[in-house]
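Student: Chain residues, written in single-letter form:
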Amino acid sequence: MSKTPLGPIEIEVIRNALTAAAAEMDVTIWRTSRSTIVRELLDYSTAVFDAEGNNLAQSARIPSHLNSMSHFLRELLDKWVDPESWGPDDVVISNDPYCGGQHLPDITAFKPVFHEGKRIAFVGALCHHIDVGGLVAGSYAAKAIEIFQEGLRIPPVKLIEKGVRNEGVWAMIRQNIRKPDLLLGDLNSQIASLEVGATALRRLAARYGAEGMIEAGRRILDMSEAAMRAAISRMPDGTYEFTDWLDDDGIDLGKPIKLHVAVTIKGDAISVDLSGCSPQVQGPTNATLASSNAAVMFAVMSACDEPFAANAGCYRPVTTIAPEGLVVNARHPAPVVHRIAVTHRLLNAMFGALHQAVPDRIPAAYYGNSYVCTFQTVAEDASREVLVEIEIGGTGAHPAKDGVNALSAGMHNNANIPIEMIEAQTPLTITRYGLIPGSGGAGQRRGGLGLAREWRIDSPRCFFTANMDRFVHAPYGLAGGGPASVGRLVLVRDGEESPLPPKCDNVPLQQGDRVRLETSGGGGFGDPASRAAEAVARDRRLGYAT
Amino acid sequence: MSERPIRIAVDIGGTFTDLQVLDSRSGAVRAWKTPTTPEDPSIGLMRGVEEAASRFGFALAEVGLLLHGTTIATNAVLERKLARGVLLTTAGFEDVLEINRHVRRELYKVDPDPFPCLIERDRRLGVPERLRADGSVEAPLDEAALPALLAKLDALGAEAVAVCLLHSYRNPAHEQRLKALLAEARPGLPVSLSSEVSPEIREYERASTAVLNAVLVPVVKAYLDRLERRLGESGFNPLVFLVQSNGGVCSLRTAAEQPARLLLSGPSGGALAAGRIATLLARPNLVAVDMGGTSYDVSIVQDGRVSVVTQGEIDRLPVRLPMVEMRTIGAGGGSIASVDHGGRLSVGPRSAGARPGPVSYGRGGTEPTVTDANLALGRLDPDYFLGGAMTLDMPATRAAIEAKVGAPLGLSPEAAAEGILTVVNANLGAAVRLSLFEKGLDPRDFSLLSFGGAGGLHAIDVAAEMGIGEVIFPAEPGTLSAYGILYSDLVQDIARSRVLPAVAESLPEIGALIGALREEAEARLAADGVAASARLLEVAVDMRYHGQAFELLVPWGEVAAPDAAALATLLARFHAMHRQRFSYADEAEAVELVTFRVIATGRLPKPDAAVAPPAARPALKGRRRVHEDGEWRELPVWDREALKPEDRIAGPAIVEEAFATHWIGRGWSAALGAAGALIARRDAP
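Protein chains in written order, with my numbering: chain A, 15 to 560; chain B, 133 to 817.
Here are the simulated DSS-like cross-link-like pairs (lysine-lysine), alpha carbons at most 30 Å apart as the crow flies:
#	chain 1	residue 1	chain 2	residue 2
1	A	K415	B	K241
2	B	K241	A	K280
3	A	K132	A	K93
I should point out that these hints are in silico values taken from the structure, not numbers from a laboratory. Fair warning: this is a prediction, and the values are worked out from it, not measured in the lab.
Construct the entire structure; sequences and hints are all you get.
Tutor: Spelled out as structure tokens, the structure:
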């Protein structure tokens with residue numbers, strides 16, 4: 015076996031090959047998965063790790079996943095799986111937030127890769143599954159008060175051991191979920207993707223040897239760390255604090271949840287203290303460390319002023335302090351399925367703090383929220399159709415640019431569903447879809463606009479479920495810029511409007527009812543009085559401002 | 133179609149207008165190049181034709197067919213030199229065009245740019261009306277709103293109107309009525325209906341396509357009018373066809389009404405050439421790679437057919453019309469090599485472009501590029517670039533590589549230059565691998581077809597990386613697009629969306645739909661003067677499992693009135709395609725038909741081309757110092773134009789021709805094959 019000595023050229027070639035391996039794993043899931051949530055909403059991610067579980071390369075999918083998988087794998091290696099007995103033909107899966115995961119619908123599968131008897135890497139694939147049992151279809155209950163209601167918890171377990179399927183585990187999963195064919199189909203595609211990734215890594219190892227792969231991994235991480243430290247060094251030292259709020263947890267209505275961050279930049283390192291956050295809450299608006307770390311990392315990586323290869327080397331200069339029992343590091347058995355809300359708000363708070371350090375780079379708050387709602391229509395013959403919608407709002411104004419109207423921002427990245435497709439398949443009519451004038455925060459730079467979407471029920475009955483936020487605490491402006499609008503959810507019945515709760519399970523609706531969602535815009539940046547006259551005139555001409 | 137013997141293909145690029153002239157009496161094909169005239173490309177076109185006529189000795193009156201590839205529509209969009217458009221939508225949905233589909237492309241970017249939107253909010257007007265998904269009317273078109281609408285159109289200074297109403301793909305009545313009312317009230321104001329341009333389900337993509345079409349109509353029509361006038365002035369009266377995005381050509385009339393069909397025609401020529409070469413060389417499976425200054429385009433020919441998709445995009449604007457399938461990465465001769473603060477070497481996607489260009493061009497470029505690395509290693513000849521038209525600056529190139537890459541990484545200039553090539557070749561290989569992998573194809577079943585100005589220096593290394601054992605360097609790689617255009621056919625795509633279950637009960641509706649589409653296709657081909665014997669009508673259907681939100685394009689062949697057996701064949705084909713592409717199929721699951729398509733081809737005659745004889749000079753030009761496999765060596769340099777069929781080139785070696793240089797790596801051998809192509813194969817181990 016010829017071993018090429020590793021110069022900077024070989025390192026870059028290997029780094030690209032690792033990214034290509036993650037991309038091939040990504041294509042494998044796209045090609046072989048079954049459920050709509052994976053295939054069309056593209057709610058999955060794939061990654062390659064070094065032999066210790068550090069992320070080396072990732073596919074470009076969902077921000078909330080990407081920087082959490084390394085944390086999960088390292089937790090598994092530290093606490094749950096004996097690395098010595100984890101062989102090349104063993105696939106370990108888990109969805110447990112209390113073993114390093116995020117929330118139950120996300121099942122992650124990992125597998126080690128060996129060359130000449132030595133472990134050289136891991137490959138991993140995370141899918142958001144369509145249902146993992148629990149209180150409501152889709153496993154996204156707004157009213158759960160403990161994790162046991164949220165669905166099936168899978169501890170770290172060998173789904174495949176020495177190449178043989180662990181049938182007991184498969185049967186246990188099958189018995190506890192609503193759409194077993196879809197979930198198990200998607201799980202199979204995760205396993206197929208691990209094999210594709212492992213094959214690509216073994217091909218590399220044949221050229222560079224086990225030692226070469228390990229050495230390359232080490233240097234790839236070091237290079238991203240060095241680039242990240244150089245970027246942090248260019249930020250001024252100091253401690254920067256900021257607080258933002260979630261409206262409530264859906265149980266204790268009207269009681270806001272505090273997200274406070276203290277970001278300390280010192281030399282080429284950053285430490286983020288989350289000790290000032292609210293204690294964990296009763297409802298599912300909690301996060302475990304995997305989720306909170308992903309938000310912290312996403313904020314810091316976005317704030318750096320030059321692009322670098324995203325991998326675990328980027329994490330090294332950043333320390334997160336988050337005592338257990340807080341909303342950002344919930345203690346078992348708190349429910350956590352709506353952890354995305356915590357990560358959105360944590361990112362908002364992180365940007366508010368980082369703005370003080372690098373005011374020319376950080377935008378005002380985006381809408382900060384996944385507007386998730388589900389319509390389950392029931393026809394005369396009791397047949398049912400389900401529509402899951404994820405809407406978005408406006409992005410925050412940047413020091414040099416207005417915010418963008420209606421764009422997926424921050425911790426998620428989802429597409430909308432065409433109106434004509436919905437109406438062709440579901441007894442629902444969309445009666446309005448448009449921007450909301452004046453919903454962006456005022457400023458020298460204006461925040462992006464939120465939008466309004468209105469659904470009319472055409473079936474005899476319908477059940478409506480929602481999990482949303484930012485109905486009380488508006489996206490903030492910066493440097494004198496104004497806040498954006500807050501969201502609204504309205505029921506229109508017989509010409510009368512009444513508010514619907516933004517966190518609700520199975521509200522019964524009837525034919526002819528209309529549900530209108532109005533989403534937040536983004537915050538403004540800078541003094542509105544200093545907005546250029548042409549920009550003001552344009553806003554008026556286009557009806558962006560009221 | 134035409135008795136006159138000369139056929140001309142013209143491909144107008146940013147810098148050069150390329151011509152290929154075929155004389156069907158002798159089979160001779162000849163190439164010509166003339167500078168493009170960006171202010172009015174028809175001037176350069178006409179000049180090129182006249183120069184070719186005098187050079188190759190034919191009369192303009194002998195030209196029967198002019199096949200024209202043009203970027204006029206593409207450039208108008210990229211440069212935003214477009215008509216002032218107004219969009220009419222169903223009231224309440226005026227913002228759909230701006231709301232877009234939400235997904236962002238760059239995850240970590242803190243100051244995202246909005247998606248481009250060609251018609252601003254004050255020029256999007258709602259019309260009171262509403263159709264249901266089944267085409268029935270929920271609210272009739274309120275014609276009483278027309279006077280106010282006209283007043284707004286006038287006040288806004290509308291030069292073109294696009295109309296996109298919800299569910300118009302299912303029932304175009306309201307759109308058609310609006311067009312009639314507007315034609316009566318404002319004759320001369322061009323109106324593009326989404327139900328005519330792209331009658332497919334998904335309101336945003338259909339609106340985007342209709343808007344692009346509308347704002348292009350005045351621009352393209354003005355160009356075509358000028359072109360026709362210029363042709364007439366010179367006593368030159370050929371049939372003129374324009375290259376479309378779908379890999380076929382269309383008439384001037386179609387192009388004037390539906391200019392959106394020209395938008396993504398750039399890759400069509402190369403893909404057409406790949407298809408033609410697949411036939412001539414009996415290589416049904418080709419990966420065609422076109423490497424220019426800034427980008428690397430990968431397309432696939434599988435079983436002799438160029439792969440086509442039903443949607444493309446230009447400048448982030450979707451175009452819901454069939455186009456040649458292409459994967460593009462930002463890697464070309466001008467890609468810049470740099471070292472970041474962490475000591476990481478990256479190549480591209482930043483590019484030096486044509487200005488300032490690579491350091492070696494001596495036009496002020498200071499950052500080393502891929503072309504510079506090739507020069508520094510001796511693979512390019514500083515005195516024979518573009519056939520000697522340009523001299524490259526070797527000392528400045530070596531100095532830049534040394535300073536910007538070598539010194540930061542502690543490498544010699546040679547090692548740094550080799551490193552740049554190694555990195556870029558690995559990136560190119562990854563793009564090719566992914567293009568095949570996502571279709572479930574194995575690289576070992578494919579040959580690599582290399583063209584474009586920069587392709588020849590990288591093709592062998594990419595093939596070796598991929599496990600591909602054969603590389604084809606076609607004749608005239610610099611004018612290959614024009615060559616492809618020379619052999620194109622008229623192709624009209626007609627589509628209509630109708631979401632139907634794939635069951636026997638739907639057959640009457642399917643039959644009626646296909647019947648109507650076929651009738652329209654026949655009429656269009658007849659209007660373009662295609663004889664009945666030269667027409668081919670093929671049906672294809674976009675299909676999916678119930679609940680999926682994307683479709684597979686499934687060919688159905690020449691069906692006219694499908695019966696239960698034909699439907700069963702279609703279903704079986706869908707399941708089989710689904711299994712190949714997505715590795716599973718479920719025959720028990722409900723299948724839906726979403727969009728019906730008729731691909732109407734008017735075959736143009738394809739005279740055989742004769743291969744040009746070799747130039748009367750020695751094929752082995754000489755030897756040059758080239759850095760290869762770690763040291764400087766004297767390597768043979770071959771003259772492509774003088775190669776004879778019996779010549780055998782053993783790598784490492786260089787093959788030069790006027791507009792391209794090819795690198796034959798160690799362990800590879802090359803010789804001439806059919807159609808003047810140079811074919812390199814990996815030596816048996």
